[in-house]
Amino acid sequence: MNSLFLIILILMGGAVLAYIAKKVNPMLSSIVSFISIASAAAVFFLMTDRESVILHIGGFELQWGLNAYSWVFGAMVISMATFASLYSIAYMKGKDRLGYFNLNFTLSVAAMMGILFSMDWISFFIFWEIMTWSSFLIIVYNGISEGKIGIKYMIFSAIGGYSMLMAMVITKSQIDSFLIADLISSFSSMSLGLQALIGVLFLIAFSVKSAVMPLHVWAPRAYADSPMSYTSIFSGLLSKMGVFGLGIMLISVFSKTTNGNIFVYSEVLAWLGAITGVIATFYAIIQTDAKRLLAYSSVAQLGYIVVGLAIGTKLSVMAAIFMAIMHAIFKGTLFMAVGAVEKQTGTTDMTKLGALIRKMPWTFVASLMSIIALAGIPPLGGFVGKWMLYESMITSDHYFLIIMTFLSSTAAFLYSYRFLFGIFLGQEEKEFENVKEAPAIMVIPMIILAGSLFFFGVFPGYIFEPIANGMEYLGMGQVDWNMTVLSNGWGNHVDTLSIVNSILTIFGIAFIFLGLKNRKKTRYVTTKDIHTGGEIPTENENLTYAVDFYKPFERAIEPAMKRKMDFYYNKFGEGIETLFDFVRRLYTGNGQTYALYVVIFLVILLIFSEQIFF
Amino acid sequence: MDNSIWISILGFLATVVLAFTVGVFYGGFVRKITARIQNRVGPPVYQNFFDIIKLYSKKTAVHHGWMQHLGPAFAITASVTSLMFIPVLNGQGWIWFENLNFKGDLIFLIYMMVFGSLGMALGAGQTGNPHSAIGVSRGLSQMVGYEIPWVLALVAIMMQAHTTSITGLLDYQNANNTWMMFESPLAFVAALMAMLGMFHYAPFDVPFAPAELASGPGSEFGGKYLALMMTSGSIFAFVKLVLIVDIFMGGASNLIMLVVKTFLLYMIPVLYGIVSPRYRTEQSIRYFWGWPTFIGILGVLYVVFIR
Amino acid sequence: MPNDKKSQKIVDIIQNAARKHSLFVLAYGTGCGAIEIPPTMTSKYDAERFGIRGMATPRQADVLLVTGYLATKTLKRVIRAYEQMQDPKYVIGFGSCTINGGMYWDSYNTIKLLDKYIPVDVYINGCMPRPEAVIDGFIELQGLIKDGKANGAEKYKENIDWYRANQKKVIKNWNMPDYNW
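Chains as they are written, first to last, in the numbering used here: chain A, 1 to 614; chain B, 1001 to 1307; chain C, 2001 to 2181.
Just so you know, these hints were derived from the structure itself, not from any lab.
The model shown is predicted, which means the values in this text are computed figures rather than measured ones.
Built from N, CA and C at the ideal position, the CB exists for glycine as well.
You may find that some hints are simply not true.
Claimed, not checked - From chain A, some residues computed to sit far from chain C (all C-beta separations above 10 Å):
#1 Ile248
#2 Leu368
#3 Ile536
#4 Phe572
Claimed, not checked - In silico SDA-like cross-links for lysine to any residue, where the CA-CA straight-line distance does not exceed 25 Å:
#5 B/Lys1059 x A/Thr288
#6 C/Lys2172 x A/Pro537
#7 A/Lys520 x C/Lys2009
#8 C/Lys2146 x C/Trp2162
#9 C/Lys2116 x C/Ile2139
#10 C/Lys2172 x A/Gly575
#11 C/Lys2146 x B/Gly1028
#12 C/Lys2009 x C/Ala2153
#13 A/Lys564 x A/Gly575
#14 C/Lys2044 x C/Ala2153
#15 B/Lys1103 x A/Trp362
#16 B/Lys1059 x A/Gly575
#17 A/Lys521 x C/Pro2088
#18 C/Lys2044 x C/Arg2130
#19 A/Lys564 x A/Thr288
What the hints assert, rightly or not - Between beta-carbon pairs, the in silico distance windows are:
#20 A/Lys520 x C/Cys2127: 40 to 48 Å
#21 C/Asp2106 x A/Gly346: 55 to 63 Å
#22 A/Lys93 x B/Thr1021: 56 to 64 Å
#23 C/Asn2175 x A/Glu554: 53 to 61 Å
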């Protein structure tokens, strides 16, 4: 049987089996889900035939296939999903309705793989909608309904889904085919207005999923309120489906427009992406809950990726897809770490937690590596993506975009530090004295993923190769890449091996020196033995600095944060309600008024009869 | 092959020793100049050497955890790695000083310079002292402030010289027989204003001021940790000075010119700082996002429109 | 004799020279004698030319200046600050109150002789000593360091029980942690 079909079948069958297996034993449900995803991963990586398969369902012809571009995303999706489902076995232990959770978990993964395998718009849309409602069902799993995040998510996803449907139907009416390849090849032969219409509709659909301003309002609470093992694939992988679609649109489709090489909406999208990066970072800095902080930071990182795609040069697209993969890895790890902390301590409020570094050292190491990658610091993988993005912006003259990206990237250091300090460093709290390290099943995926960040930072060529093949498939021409040397179009390059060598050498020397000098006379003291003016802190004295951590920064950026996007949506909603309220008054319930309306209508017809009927 | 490895190790050591010596002497010079301006004699110019040697020869050490061990290690890693990637002497300089100059560029350096402060912030966080945490939050907030005009200035000159590596900028200045500070003066002014923030002298020293915060992030570092921090701080001051001299003032072809140029450049933040009071954090952020950013934007527009 | 000048190794000579020329004073004014510190450190009498400067926290400082009388309440904090400092550390007793009780010799809650509670290296006499006297005391401390005789910290470690007994006699509400090095 064809491998693509087999993968989808395994995943969907695994979903149903997981639901049924819950009746036997709740843990079995999670294990079944993990086994199905892992076996799908095995089939994916071992498959040798990549031919397409055609299904005929109900009069429609669905075509599935795997090209070089979707292979990149497919590898990322299925491997992260494997790690997340392994983590989920231990994370969801003891919770109820596990069958429901695992059914939707596996269905989301199946839908994502289906999206990647689709070669025509009908199956794309079907899998897109499956993904939307399975993620909706998990958002409302915890039953939190303040702010009505489930409904908000559904509304925005519906806006996106129906825009895509409209664009698909318009395409079909123009070129009479649902295949994606046909849209790409015949895009240049459409009229300008039609190009703009289809382009904007598809962009709206994919921008909702990639949380670009102003369509991002569902993202922060949705990421924060779902269970953490699902959020690691929600913010890491589902948002990349939007990126996948944006890539197809911006690179293959729009480059064939008739007026030169620039599709003006790409510029708008680039600016929107940059603004998303800045504002979401500012919001992340003022959060006190670790989950919300990571959620806002996801929105900001997606902004960078959208900017990279929208600029459209070879280097920037490579940078965007590389950053997408890196983001999936480190955000997945960070959400897993927060989930581990939540499971062990029961809270993720950074004003209450502190000094978990001695009690959960492995979690700390994994989140430290992920935070270093998020901040874009060499030698880990995040630096490679950021370097390529900045270089592409300089070499392609987008100098104001680079300022906004740099502003948000520097401000990202603030919330990165707050995340680490609020949870793992700082003063010890009495109520968390007996916290133990998370179970091994939860720690192992985190450590493996953190190690891979380091590996890909030194040898980014392992990821460059599939991305370059994918970009060639999309029509960007030959893309050069090197295993360890990053280069931009002007001939400047950065050699990751020498960076790593020098960093590790000097770090090793300094660490050994610090460790060995006066080894016998170095003693460890607790965090209560600090300089407090000679006083001895008592048990109930609070020495933690956690509330209002960045108050000076908040005061400095106050003018930019006066209104949230929700405010404008609420105003828009109220305006429409007022309009409908006005319309309601037309129905007076009085027969004479209705007769008057009929008479007025006839009078208007008479007066304008020439214009209307001729 | 064996010979070149020995030469490169020797070059590495020579560069580090040069940076350390010059940096520590500059620290002493600053103390002397500060003292003279305040109408007193001041310590001898080699005073900082005594400080560092004394700190290294402390007999006991106190630490709060293994992250505090890593903090100074990160700081010195950042300083020395940045040093490796900056051409200390201009093209005709010794072969000994060409360390890793051709393997990295300006954007990598911007990130490498942040690596050290992040490491020290993590080390300071482990100690649990609230002063350290407040100092780190203020320091990071200020960093967002001065990075913006700094990056604007760098983008302007990178676009003008059409290269992003420092050796490329040096070649551009040699080829056109001019200094970058005359080619794009607005970018130079913006970079100077950002440099005031980078060196953490007054008026931007609120993260470290003893009267504010009991030394801020460095409150709990003593003995060998403080020694490593002071070493790294001296090397880092030298690194920043050489970077600005290389990209704006044409580099230096021998050691004497290097010392003269960097010293003259260093006097700008020092002399301005001696007579200034301290800004609060939000005042300094708003200051950096005001005139320096505006001049930086003008510098970028200037480059765009004269090309 | 390990600290005899002739048998000192070259490393010790360099280390003592460095310690002598750079003294970090803990900025802690414990009593009314602290009023003489600002003129000493600033422009008129400029102690910085000897390498003396103020540091904010005990972890970074070498010298603890006990300036003037010590109430028992302050003594507890001074002992805490002294134990947080790192070796080698020196204590300078300032003023007559640390020598024999000074002006408060018949008070019920000041201590009379500082050396019973914390090992003192140098005493500076006077009430209060003028800045010239303060600098003279520092130069005497520098001389002691050069000869290798300023080892109050070792005395504290060896005779910790005696010191503790004396401290506990005067400090009533003892909640300090135990000495563990």
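Going through the hints against the structure:
1. Ile248: Consistent with the label, A/Ile248 stays out of reach of chain C, its closest Cβ about 59 Å off (over 10 Å).
2. Leu368: Consistent with the label, A/Leu368 stays out of reach of chain C, its closest Cβ about 25 Å off (over 10 Å).
3. Ile536: violated, 6 Å
4. Phe572: holds, 55 Å
5. B/Lys1059 x A/Thr288: Given pair B/Lys1059, A/Thr288 is violated - Cα atoms ~42 Å apart, limit 25 Å.
6. C/Lys2172 x A/Pro537: Since the Cα atoms of C/Lys2172 and A/Pro537 sit roughly 18 Å apart, the hinted pair holds (cutoff 25 Å).
7. A/Lys520 x C/Lys2009: Holds - the C-alpha atoms of C/Lys2009 and A/Lys520 are around 21 Å apart, at most 25 Å.
8. C/Lys2146 x C/Trp2162: Between C/Lys2146 and C/Trp2162 the Cα gap is close to 28 Å, so the pair fails against 25 Å, i.e. violated.
9. C/Lys2116 x C/Ile2139: holds, 24 Å
10. C/Lys2172 x A/Gly575: violated, 72 Å
11. C/Lys2146 x B/Gly1028: Holds. C/Lys2146 to B/Gly1028 sits at ~23 Å (cutoff 25 Å).
12. C/Lys2009 x C/Ala2153: Holds, at roughly 21 Å.
13. A/Lys564 x A/Gly575: Roughly 17 Å between the alpha carbons, so the hint for A/Lys564 and A/Gly575 holds.
14. C/Lys2044 x C/Ala2153: Violated: C/Lys2044 and C/Ala2153 sit about 32 Å apart, past 25 Å.
15. B/Lys1103 x A/Trp362: Given pair B/Lys1103, A/Trp362 is violated - Cα atoms ~34 Å apart, limit 25 Å.
16. B/Lys1059 x A/Gly575: Violated, because 73 Å separates the two Cα atoms, which is more than 25 Å.
17. A/Lys521 x C/Pro2088: holds, 12 Å
18. C/Lys2044 x C/Arg2130: holds, 12 Å
19. A/Lys564 x A/Thr288: Satisfied, since the Cα-Cα distance of roughly 17 Å is no more than 25 Å.
20. A/Lys520 x C/Cys2127: 40 to 48 Å: Check passed, 44 Å falls within 40 to 48 Å.
21. C/Asp2106 x A/Gly346: 55 to 63 Å: holds, 59 Å
22. A/Lys93 x B/Thr1021: 56 to 64 Å: Once the Cβ atoms are compared, 60 Å apart, the range 56 to 64 Å for B/Thr1021 and A/Lys93 holds.
23. C/Asn2175 x A/Glu554: 53 to 61 Å: Taking Cβ atoms as reference, C/Asn2175 and A/Glu554 lie about 39 Å apart, which means the hint is violated.
When each numbered hint is compared with the structure, violations occur for hints 3, 5, 8, 10, 14, 15, 16 and 23.
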